[in-house]
Amino acid sequence: MTEILITHGFVIDPTQNINGDVADVAIRDGKIVDTVGSGAKVIDAKGKVVMAGGVDVHSHVAGPKVNVGRLMRPEDKLFKSPMAQEKFRMESGFSVPSVFKTGYDYARMGYGFVMEAAMPPIHSPHVHEEIHDTPIIDEAALPVFGNNWFVMEYLRNKEVENTAAYIAWLIRVTKGFGVKVVNPGGTAAWAWGLNCLKLDDKVPYFEITPSEIITGLLQANEYLGLPHSVHLHQNDLGNPGNFLTTIDSLKLAEGIKTKNKFGRTQVMHSTHIQFHAYGGENWGNFESKAKDVMDYVNKAKNITVDLGCVTLDETTTMTADGPFEHHLHSLNHIKWANTDVELETAAGVVPYVYDKDIRVCATQWAIGLELGLYAKDPERVFITTDHPNAGPFTRYPRVISWLMCRKARDATLNTFRHKDKVIEATTLDSIDRELTLYEIAQMTRSGPARCLGLSKMYGGLAPGMNADVAVFDLNYKSMPTDPVAIEKALQRAALFVKSGEIVVRDGTVLSHGHKKTVWVNVKMPENPQVVRDITQCFTRDYTVGINNYPVRDYLAPHPYVIDVDVEA
Amino acid sequence: MAKVILTPKKVPELMLEAPCITTDAFAKKTPAQIADLEVREGKIPFKLGEYFEIVGNPGESAAETEIEIAGDCSRVKYIGTKMTAGLITVKGNADMYTGGWMKGGKIHIVGDVHSFCGIAMEGGDILVDGNAQNHVGCAYRGDWRGMRGGTIRIRGSAGNDIGTFMLGGTIIIEKEVFIHVSTHAEGGTVIIKGNVTGRVGGQMVKGDIYVLGKIQHILPGFTKVDQVRKEVDGQTFTLDHYIGDLGERHPKSKGKEIFANLYVRAAA
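Top line first, the protein sequences correspond to chains W and L. If you read the first sequence in the working numbering, its first letter stands for residue 1366, the second for the next number, and so on. If you read the second sequence in the working numbering, its first letter stands for residue 5, the second for the next number, and so on.
If you're looking for bench data, these hints aren't it; they were derived computationally from the structure. Hints are supplied without guarantee of correctness; some may be wrong.
[As the list claims (entries may be wrong)] Cβ-Cβ distance ranges computed for the label pairs, FRET-style: (1) G146(L) x T1900(W): 41 to 49 Å; (2) G251(L) x P1922(W): 44 to 52 Å; (3) G198(L) x N1703(W): 34 to 42 Å; (4) P1922(W) x N61(L): 57 to 65 Å; (5) N1703(W) x N61(L): 53 to 61 Å; (6) M1455(W) x G146(L): 16 to 24 Å; (7) P1845(W) x H112(L): 47 to 55 Å; (8) K47(L) x T1873(W): 16 to 24 Å.
[To be verified] Using 20 Å as the maximum straight-line C-alpha spacing, the simulated EDC-like pairs for lysine to aspartate or glutamate come out as follows: (9) K1411(W) x D1386(W); (10) K210(L) x E126(L); (11) K1445(W) x E42(L); (12) K95(L) x D116(L); (13) K1442(W) x D147(L); (14) K86(L) x E1440(W); (15) K7(L) x E57(L); (16) K1700(W) x D147(L); (17) K1888(W) x E1587(W); (18) K86(L) x E72(L); (19) K1700(W) x E252(L); (20) K51(L) x E1451(W); (21) K1445(W) x E45(L); (22) K1445(W) x D147(L); (23) K1452(W) x E1440(W); (24) K1567(W) x E1524(W); (25) K1786(W) x E1866(W); (26) K1452(W) x E45(L); (27) K47(L) x E1587(W).
Small disclaimer: the values here were computed from a predicted structure and weren't measured. The C-beta atom is built at its ideal place from N, Cα and C for all residues, glycine as well.
All chains, please: the whole structure from these sequences, using the hints.
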């Protein structure tokens, strides 16, 4: 592989505490190195910002529900599908883009790693096929556990070890990455037409509560010492007054210690916290409780969160939170898809229009930004839009420009029909804080990489790390005062090097790169009871045989396997 | 009005996608600049001038511009897409999506139009002297927001799926229609002067349909309430008044009953 030297850029790398120093970044054989030879390809980044490749901690980009979104929303492609770049694949879609557009657009924004946030285990072969089809970016997927029959039965009997053994088996056979929990218990209750909105609501038949599921999974996750913590989509998403449930769920992490060899410091990652920071009793007196939630998050060092910022676009919501999607459908009366995934989870898809002139949507927008601005430790608060639920990932640059410029926030706020009501229901108008690019790098690079246990590979520019390097046309010493210029620069990287190969230049894709599928191979001594339970269950309950269940190696042809050895 | 005349030079091998044939795109341009506008045959971009001979200068704005296509456009799609003002006349047939997403102005097709004429239209007038195929004034596939305003008048007959998801505006079809009229509609008016095979107003929650011919099968969701005399497109008729679709509820009715109206010409 060729050597590359990116010279004279303003380097921003929170992992090494480098804040805008003019320095060179050397790349050899897909890794960052100290020096390269004189034959290296030199790229002058003078007057530009050089950062590590972005790491997206939570995004729905591959798998059956994304595909349902693509199928049910042909109108999402209308007038929003640019002509294909010559010699490259057709790009289509906006809120649920095709796999090619997903890969290209992430690369254009300088993102190198994306976590598919919810993989239904039985459909993991499909998820891996789509991941393999997505060019350039490295990806991993989190299988969902929060409503799994095995998990609920083991945890009802307080069998954390058995739960851990089951998790180890499932992550291995699905080539998954960690433990995703979506509306614990609630999605299982949805099979009875019910939901678990409170932490002590019992799941029908399984007689277990969401708090028991969360606590059990937190313990099992640390028992295994996985790279990533429990990745929690909490109960009671998107309802007024849910912030109390949110804080109660976060409190479940108290007293649980991290145990891992990957540099991860948190035991719980609470995702798209924007949807969980609502006060009020109904949509009439709906208000922000971002401050309350962030006050707790700022104090609790063993928690990370991502924002889930509303971007005020027409989008497609999709989640394994089946009852929530039904609720949303009954609010907006647009089309709705719903499915039950045998023994494991469920899912729903509903298009949604975040209209800036609807008070609730505008308030949601403000809450997402408030959460980011209240963050005391940007290493634990990450920028996402819960793509595509609160908005498409292609809006990250816009979210960043809102977080970085009060002017940009005011400009958007001033276009709202219910501006005064939004100001009244939130504290956004009273916040003058403007995040720096260094803090943005923490929220999009070093922080998420550490949260995922991938800080040795992604999120930084230290020698030995993956050579994912993004160069943006921003002068760090005199940042543009126009937020639109910041957005534009971040939307189209001047240069993006992925695994040591130049894949994007001036926003144009140059190569399909060398993508990898990252998965975790948990090795632990065989647990005879769990083996027997799994075998029995496949004979009795599943519609597929146990031999047809695992993801075959050919479906993830470019794996990067992280081995985790669990001591008995 | 300044007039630009487009004369077809060759018949495209594939369907030609020409959303640039609008008064908005032509205004203020020279014939050479108009000839330079991009069209697509299949996925390959070409210049408009390769397919049409362009004579005349357009006006300073869309409203002052008239486009005349002096020939057949059976293989040209998207004529008048998103147009806001002015006039387009096609002296022949036009292909799909004619006048789609149109906001104002007028389009006159002397021949027939293919499907999706006036799709998701917001304003303006479309007049078709011949027949239309399917999906007149409907929503884009998958979309729940159909025609919002404007008028489409088809002097001939039309196929199926007329005014799907319609929210406003008027569609007048002077001869017969096949099936599916105003499905899912939440407003607007459809007038059909000929016969309709059936499935009129399925899942419709608001809006009016007038049928001056006969409906072979009225949907069971519609029930007859009275007989009225009403003026329809300039003439007065005695009409049987039905309300429906009783199987659907208006999402924003908030307890107040809102129904769609179906008027069918009463037997003499």
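Consistency of the hints with the structure:
1. G146(L) x T1900(W): 41 to 49 Å: Holds, at about 43 Å.
2. G251(L) x P1922(W): 44 to 52 Å: At 51 Å between Cβs, range holds.
3. G198(L) x N1703(W): 34 to 42 Å: holds, 41 Å
4. P1922(W) x N61(L): 57 to 65 Å: For P1922(W) and N61(L) the Cβ distance comes to about 59 Å; the hint holds.
5. N1703(W) x N61(L): 53 to 61 Å: For N1703(W) and N61(L) the Cβ distance comes to about 57 Å; the hint holds.
6. M1455(W) x G146(L): 16 to 24 Å: Holds - the Cβ-Cβ distance for M1455(W) and G146(L), about 18 Å, lies within 16 to 24 Å.
7. P1845(W) x H112(L): 47 to 55 Å: holds, 49 Å
8. K47(L) x T1873(W): 16 to 24 Å: holds, 19 Å
9. K1411(W) x D1386(W): holds, 12 Å
10. K210(L) x E126(L): holds, 18 Å
11. K1445(W) x E42(L): holds, 17 Å
12. K95(L) x D116(L): holds, 10 Å
13. K1442(W) x D147(L): The given pair, whose Cα atoms are some 11 Å apart, holds under the 20 Å limit.
14. K86(L) x E1440(W): Distance of about 16 Å is within 20 Å: holds.
15. K7(L) x E57(L): holds, 14 Å
16. K1700(W) x D147(L): Holds, because 9 Å separates the two Cα atoms, which is no more than 20 Å.
17. K1888(W) x E1587(W): holds, 14 Å
18. K86(L) x E72(L): Holds: K86(L) and E72(L) sit about 17 Å apart, inside 20 Å.
19. K1700(W) x E252(L): holds, 14 Å
20. K51(L) x E1451(W): This hinted pair holds, its Cα atoms lying about 18 Å apart.
21. K1445(W) x E45(L): It holds: about 19 Å lies between the C-alpha atoms, which stays within 20 Å.
22. K1445(W) x D147(L): Given that 20 Å is the threshold and the Cα spacing comes to 14 Å, the pair holds.
23. K1452(W) x E1440(W): Not satisfied, since the Cα-Cα distance of roughly 26 Å exceeds 20 Å.
24. K1567(W) x E1524(W): Holds, because 18 Å separates the two Cα atoms, which is no more than 20 Å.
25. K1786(W) x E1866(W): Not satisfied, since the Cα-Cα distance of roughly 49 Å exceeds 20 Å.
26. K1452(W) x E45(L): holds, 18 Å
27. K47(L) x E1587(W): violated, 53 Å
Going through the hint list in order, the structure does not satisfy hints 23, 25 and 27.
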